[in-house]
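Heads up: the protein sequence lines correspond to chains A and B, in order. Per our numbering, numbering through the first sequence is continuous, rising by one, with the last residue being 347. Per our numbering, numbering through the second sequence is continuous, rising by one, with the last residue being 694.
The set of hints was computed from the structure by calculation and includes no laboratory data. Backbone N, C-alpha and C define an ideal beta-carbon position, used for all residues, glycine too. Heads up, some of the hints might be wrong.
[What the hints assert, rightly or not] Listed below are several chain A residues computed to face chain B (Cβ distance under 10 Å; list not exhaustive):
(1) G75
(2) F87
(3) E106
(4) L121
(5) P122
(6) Y123
(7) Y127
(8) M155
[Unchecked claim] No farther apart than 30 Å at their CA atoms in a straight line, the calculated lysine-lysine pairs in the DSS-like style are these:
(9) K334(A) <-> K66(A)
(10) K166(A) <-> K488(B)
(11) K141(A) <-> K542(B)
(12) K161(A) <-> K681(B)
(13) K685(B) <-> K144(A)
(14) K491(B) <-> K144(A)
(15) K144(A) <-> K488(B)
(16) K640(B) <-> K150(A)
[Claimed, not checked] Which residues of chain A face chain B? A few of them, derived with a C-beta cut under 10 Å, are:
(17) F118
(18) Y137
(19) Y162
(20) T163
(21) P173
(22) V246
(23) S315
Number of protein chains: 2
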Amino acid sequence: MQSPSKNYHTSNPEVTSAIDRDAPSHPVAQGLDEDDYFRSHAAPSYLSEVEAQVDQFVEHHIKTGKRIVLVTSGGTTVPLENNTVRFIDNFSAGTRGATSAEYFLENGYAVIFLHREFSLLPYSRHYSHTTNCFLDYMVEKDDKVEINPKIADEMLVVLRKYTQAKSSMSLLPIPFTTVNQYLYTLRSISEILKKIEDKALFYLAAAVSDFFLPSSRLPKHKIQAQPSGKLIVDLEAVPKFLRRLVDSWAPQAMIVSFKLETDNSILIKKATEALRRYHHQLVIGNLLQTRKKEVVFVTPNGDESWIRLTDDQDSSNAEIESIIIPAVIQEHDKWTVKWKAEKEPSN
Amino acid sequence: MQSPSKNYHTSNPEVTSAIDRDAPSHPVAQGLDEDDYFRSHAAPSYLSEVEAQVDQFVEHHIKTGKRIVLVTSGGTTVPLENNTVRFIDNFSAGTRGATSAEYFLENGYAVIFLHREFSLLPYSRHYSHTTNCFLDYMVEKDDKVEINPKIADEMLVVLRKYTQAKSSMSLLPIPFTTVNQYLYTLRSISEILKKIEDKALFYLAAAVSDFFLPSSRLPKHKIQAQPSGKLIVDLEAVPKFLRRLVDSWAPQAMIVSFKLETDNSILIKKATEALRRYHHQLVIGNLLQTRKKEVVFVTPNGDESWIRLTDDQDSSNAEIESIIIPAVIQEHDKWTVKWKAEKEPSN
Chain A
1 MQSPSKNYHT SNPEVTSAID RDAPSHPVAQ GLDEDDYFRS HAAPSYLSEV
51 EAQVDQFVEH HIKTGKRIVL VTSGGTTVPL ENNTVRFIDN FSAGTRGATS
101 AEYFLENGYA VIFLHREFSL LPYSRHYSHT TNCFLDYMVE KDDKVEINPK
151 IADEMLVVLR KYTQAKSSMS LLPIPFTTVN QYLYTLRSIS EILKKIEDKA
201 LFYLAAAVSD FFLPSSRLPK HKIQAQPSGK LIVDLEAVPK FLRRLVDSWA
251 PQAMIVSFKL ETDNSILIKK ATEALRRYHH QLVIGNLLQT RKKEVVFVTP
301 NGDESWIRLT DDQDSSNAEI ESIIIPAVIQ EHDKWTVKWK AEKEPSN
Chain B
348 MQSPSKNYHT SNPEVTSAID RDAPSHPVAQ GLDEDDYFRS HAAPSYLSEV
398 EAQVDQFVEH HIKTGKRIVL VTSGGTTVPL ENNTVRFIDN FSAGTRGATS
448 AEYFLENGYA VIFLHREFSL LPYSRHYSHT TNCFLDYMVE KDDKVEINPK
498 IADEMLVVLR KYTQAKSSMS LLPIPFTTVN QYLYTLRSIS EILKKIEDKA
548 LFYLAAAVSD FFLPSSRLPK HKIQAQPSGK LIVDLEAVPK FLRRLVDSWA
598 PQAMIVSFKL ETDNSILIKK ATEALRRYHH QLVIGNLLQT RKKEVVFVTP
648 NGDESWIRLT DDQDSSNAEI ESIIIPAVIQ EHDKWTVKWK AEKEPSN
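Okay, chain A solo, but in the shape it has when bound (with noise of 0.2 Å):
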């Protein structure tokens, strides 16, 4: 019996029911929010390791030139009560972030990878979070461990691409776990890339948490003992911080987000508003159910991209995000123009 072949995996979501649609939208984030949540909440304790990180990696690529995307991947958690071992999850494998990532690193920009801690990571993507465990992909032979023969050409290839992200310090991965550790950490790097102006291009493909219990009101809020032994749950919406990323963390840096829906008579619509609401430059909108075979941008002027794998592509496994990402390097290459003219002004 070796490991039985599986059919199934336990932790996909049902695309029929993955959105509800009866949540509220929630507030755009003022500056009153932003000052109210980051005095209310307290930094993670590990903040000025990641920002002293962060801060060498900026100066290190202020020398060599190179652009700097910050790619945000994974699902936020939102811990309940003061019982940090329950907590709200938003399922996010990771899977557009961390191929997105390779794709800048192909096309020349320095990566950084603020990702849930664990979930897939750029180049070893390639080997986690499958069917295999990581054992699966080794043999023995003369008394030595070696890789799989099947694989290991493919495994040479990806290896050396990774060790190119490396030596050449152009990936640095950053984690997070709980929503507060996602949104201290990108207001610390969103500050730290000011530096280099509209160089710094943000791809915020993580899934962050809509509510969240304020830690004000953590110790006051516990599990409500109820006659019946129910739990309660009261949450708050997560203020919307993108519009303080374009207005005030990076206003001159070029800003992307995902919007992901199942039904596509509303997407365009919800991209639209969003663009409306946030003012930045650039939304992905993707379907749950086709989000590896087509994508749409949708940019301010109102203009409907849509980028889809031919079927060639498609069968020969392609990666979408192969085409996204040129195609997104050339909206920034856009963006650079259009503020360096208005930083600018002809005379």
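Given chain A, put chain B in place with the hints provided.
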């Protein structure tokens, strides 16, 4: 800039606040609760596939004569509303379960490893969920991928044990994600394990959700779109199926449960209460702070027996499961003797 050394994990809970003592005690599930639960919640679509695998595994080990242990490991999730992208989760990496499974295998048991998908696995655990990513274990040499020579010898030892477990068909990994998947799979496996009577051991190390949202309420229980934009989640206690397991699903098997606390003064009391409620054979008590160094065995006759790593063992990084498992097996031996004596009274 090599991957910067990282001195923190973002995903560990705080010991001081990890367990909420305000949570009410849950009712023990009775026959009716069981009927209600399984009647009102659909079985996972893949359950028959799992049952076929387990059946084949058990039939095989009826021939080899091995005892079989079901090790459960990792946390269960509770999907919220009809929105399966968002769920409540229990923090658990699966360390206790994955490590214990290895020592059961080394002590001659066959292991059904019922685990949270993508949590730690026996043997592969040594190389996953660490600060290293997969490719950090690889190097290129002479145009070939090789295991980093610094760790290759150690990996060979682990790979041999893993290969041995696979080639002797002694390890069957079965995944779950939601608490519903867990409960259905646990029941199915229990009923198949009835065949081997007292040769079955249940080692229940998974962190099972206390609260869930009954599927009967999913359609009508959507997010309440309050003017404030708040989310209210109203959960019910998960029926405690351990009693049903003991009474009805696997009455001849030896059953071990875990009790995790943060307060030493109530650990024994809580363990004793669990034995009284569920009528099983052994509770292994442990404190979050010291769980890798000491545990206590509590049995229905009132015995408390502490198992601790010696200072020498601790400083040489011995794993406490290397002592726990032989001690559990002794209890299993006693159970078998007792069971046989009850079944065949001396005449």
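Evaluation of the provided hints:
1. At about 8 Å, the closest approach between the beta carbon of G75(A) and any beta carbon in chain B falls short of 10 Å, and the interface hint on this residue holds.
2. For F87(A), the interface hint holds, the least distance from its beta-carbon to any beta-carbon of chain B being 6 Å, beneath 10 Å.
3. Checking E106(A) against chain B: minimum C-beta separation of about 16 Å lies over 10 Å; hint violated.
4. The restraint placing L121(A) at the interface with chain B holds, with a minimum CB-CB distance near 5 Å, inside the 10 Å limit.
5. With its C-beta approaching chain B no nearer than about 9 Å, P122(A) sits inside the 10 Å limit, and its interface hint holds.
6. Interface restraint check: Y123(A) against chain B, minimum CB-CB distance 6 Å, threshold 10 Å, status holds.
7. Interface restraint check for Y127(A): the shortest CB-CB distance to chain B comes to about 4 Å, inside 10 Å, so the restraint holds.
8. With a cut of 10 Å, the hint placing M155(A) at the interface with chain B holds, because the nearest CB-to-CB distance is about 5 Å.
9. A hinted pair counts as satisfied when its Cα atoms are at most 30 Å apart, and K334(A) with K66(A) qualifies at roughly 17 Å.
10. The straight-line distance between the Cα atoms of K166(A) and K488(B) is roughly 17 Å, inside the 30 Å bound, and the hint therefore holds.
11. Taking the CA atoms of K141(A) and K542(B), the gap is about 40 Å. The hint is violated against a cut of 30 Å.
12. With a CA separation close to 57 Å, the supplied pair K161(A) and K681(B) exceeds the 30 Å bound.
13. As the CA atoms of K685(B) and K144(A) are separated by approximately 47 Å, the hinted pair breaks the 30 Å bound.
14. Our distance criterion of 30 Å between C-alpha atoms is met by K491(B) and K144(A), whose separation comes to about 15 Å.
15. A threshold of 30 Å between alpha carbons decides the hint, and for K144(A) with K488(B) the separation of about 15 Å falls inside it, so the pair holds.
16. Proximity of K640(B) to K150(A) is assessed by CA-CA distance (about 41 Å); at most 30 Å being required, the pair is judged violated.
17. Taking 10 Å as the C-beta contact cut-off toward chain B, the hint placing F118(A) at the interface holds, the least distance being around 6 Å.
18. Proximity of Y137(A) to chain B holds as hinted, the smallest CB-CB distance being about 8 Å (cut-off 10 Å).
19. Because the smallest distance between the Cβ of Y162(A) and any Cβ of chain B comes to about 5 Å, under 10 Å, the interface hint for this residue holds.
20. Satisfaction of the interface hint for T163(A) is found here, the shortest Cβ-Cβ separation to chain B being roughly 7 Å, below the 10 Å cut-off.
21. The criterion of a C-beta within 10 Å of any C-beta in chain B is met by P173(A), whose closest approach is roughly 7 Å, and the hint holds.
22. For the restraint placing V246(A) at the interface with chain B, the shortest Cβ-Cβ distance is roughly 21 Å, beyond the 10 Å limit, so the hint is violated.
23. At about 27 Å, the closest approach between the beta carbon of S315(A) and any beta carbon in chain B exceeds 10 Å, and the interface hint on this residue is violated.
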